[in-house]
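Using the numbering used here, you'd call the opening residue of the sequence shown number 2 and step up by one each time.
Bear in mind the hints are in silico, worked out from the structure with no lab data behind them. Among the clues, some could well be false.
As the list claims (entries may be wrong) - Computed beta-carbon distance windows for the label pairs: (1) 333 to 32: 26 to 32 Å; (2) 172 to 68: 35 to 41 Å; (3) 99 to 240: 41 to 47 Å; (4) 70 to 329: 37 to 43 Å; (5) 477 to 330: 46 to 52 Å; (6) 310 to 283: 18 to 24 Å; (7) 201 to 432: 40 to 46 Å; (8) 457 to 369: 33 to 39 Å; (9) 28 to 230: 36 to 42 Å; (10) 444 to 223: 37 to 43 Å; (11) 381 to 218: 43 to 49 Å.
Quick reminder that beta carbons are idealized off the backbone N, C-alpha and C, glycines included.
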Amino acid sequence: MKTLQEKTFIRRCITDTLSGTREGLTRFSGESRVAVIYCLAPDRELLILDPQNLLNGYEPKLKEIYLNSSDWRCQGNFIFNRNSFNLIDPVPSLHLDGRISCGGKSGSVFYQMWFTEHHPDMCSIGPTERWLEHAVLRFSHDVADERILYTGISGNFLREYATHAVHDYIVDMINLNLGLDTRIDIYHILDSVLGVSKTHEESVRPHGKILFIEPRFLGGIEFLARFRVDERPRVNHFKHVRKLLQAVEYSDRKLISDGVSIIGISEGILPEFHLTAEFQGKIGFLSLNREKICSFSDGSYSSNTHRAKLFEVEEALLDYDLDTSTRNSLFQAIVSIVHSAQNKMFGCALVIDLADEKSVISGQDMIPPIDLRLPNQLDLACALSKVDGALHLRADLQLHAFACLLDGHSIPGEDRARGARYNSALRFSTEHPRTIIVVVSADRPVSVIQHGKEIRLRNDLDPSSHCAIFPEPLEQWLASR
2 MKTLQEKTFI RRCITDTLSG TREGLTRFSG ESRVAVIYCL APDRELLILD PQNLLNGYEP
62 KLKEIYLNSS DWRCQGNFIF NRNSFNLIDP VPSLHLDGRI SCGGKSGSVF YQMWFTEHHP
122 DMCSIGPTER WLEHAVLRFS HDVADERILY TGISGNFLRE YATHAVHDYI VDMINLNLGL
182 DTRIDIYHIL DSVLGVSKTH EESVRPHGKI LFIEPRFLGG IEFLARFRVD ERPRVNHFKH
242 VRKLLQAVEY SDRKLISDGV SIIGISEGIL PEFHLTAEFQ GKIGFLSLNR EKICSFSDGS
302 YSSNTHRAKL FEVEEALLDY DLDTSTRNSL FQAIVSIVHS AQNKMFGCAL VIDLADEKSV
362 ISGQDMIPPI DLRLPNQLDL ACALSKVDGA LHLRADLQLH AFACLLDGHS IPGEDRARGA
422 RYNSALRFST EHPRTIIVVV SADRPVSVIQ HGKEIRLRND LDPSSHCAIF PEPLEQWLAS
482 R
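Kindly generate the complete structure, drawing on both the sequences and the hints.
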């Protein structure tokens, strides 16, 4: 039987770890929730801590896994021993739709499974999985240290784990593909990429690509230009590297690096395994071969793809009487225009007018309208979106006007922290209920507005719902649902 002090200590360990993980993942991926299911010893009951109802709706699956079966208790070759708390025996993910999960067994915590959200705009779930893996390790370590040695540092460390999570995932992939004898320093590369991304040249942000290649594969690179060994700029000499990027921006050329210095410039066939830093001005992306791992912006890494998925538009279109072909074609046209604006980093607005009669909007009408089903016409629509004012699209898959002014009376709920484009869309959609308005900001955020409100699909915490701030038995938690 555990004493009150022991219970309080365990509760503090798990809440500190969960809070740090949640806050860190929120910075890395946007608003995120975290939950954990754990069992301290083979003969103890399972406990759950889900303070923001992340696992709501998954009760049947959890009951099937944990109550109707005891497979999770099977130890196999695992030996429960408090002296081996730092040896984590991974357990399989639960593969819940829309959730990322990662767990393990250790000498101090017999079983734990951590969960967070799988956001639709993530480059890769790899870094997030490494984040949860580290939460498993930190909790095991803290429980093993016991109350007298507990420092509370785990939550703070997990809060700032972004670069480490990206590093851990890249290293795992390199080890898996190239073996353990690689000589490339991933931390050095990650720090250098952020440094270059923040370095302007004549007030212009960096564009172009740097390829980081394991030194033993450099012999297979066809160089357009190769620098003398004693004159190669170090990758952490940000200003020098930033100047060299000017030679490869907006082209198929890339700077080639061994992780220490810039070797030369190439545009030939890439080696089978390489790490790419692609600079796109304010943002950039890290890729391993063809897999995007993460993005970077403002001196930090993020899981965000910076490309709107527009699920809100897709769902809003389902409310209207459109045949499937028309709905899909209209959605694809909207996506193309929005992505064009995001890639070129300018703001715009699209009015999707689904009223029976064409809405009267002050703007530059076109006769005949532009057919958005034709590639060259769609390209023209993308170009016209840069002109001040909104595009006027109809369900006939045509662009009827551009440079449209969205007027309307003042309404409650306007956000003065947003620009005129956003608030004008709120006003206009209030007075034109059969419209959907997409607002793209120059710094890439996208808002979908209908009936005078922004549509938000992400699950927010419902304060009226059951919300636990302390761990409770999983069986009791399931019974209360």
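Results of checking the hints against the structure:
1. 333 to 32: 26 to 32 Å: 28 Å, holds
2. 172 to 68: 35 to 41 Å: Once the Cβ atoms are compared, 38 Å apart, the range 35 to 41 Å for residue 68 and residue 172 holds.
3. 99 to 240: 41 to 47 Å: 44 Å, holds
4. 70 to 329: 37 to 43 Å: The hinted range 37 to 43 Å holds for residue 70 and residue 329, with Cβ atoms some 42 Å apart.
5. 477 to 330: 46 to 52 Å: Given range 46 to 52 Å: holds, Cβ gap about 51 Å.
6. 310 to 283: 18 to 24 Å: 20 Å, holds
7. 201 to 432: 40 to 46 Å: 43 Å, holds
8. 457 to 369: 33 to 39 Å: For residue 369 against residue 457, whose Cβ atoms are near 37 Å apart, the range 33 to 39 Å holds.
9. 28 to 230: 36 to 42 Å: Since the Cβ atoms of residue 28 and residue 230 sit about 40 Å apart, the hinted range of 36 to 42 Å holds.
10. 444 to 223: 37 to 43 Å: Holds, at about 38 Å.
11. 381 to 218: 43 to 49 Å: About 44 Å separates the Cβ atoms of residue 381 and residue 218, which means 43 to 49 Å holds.
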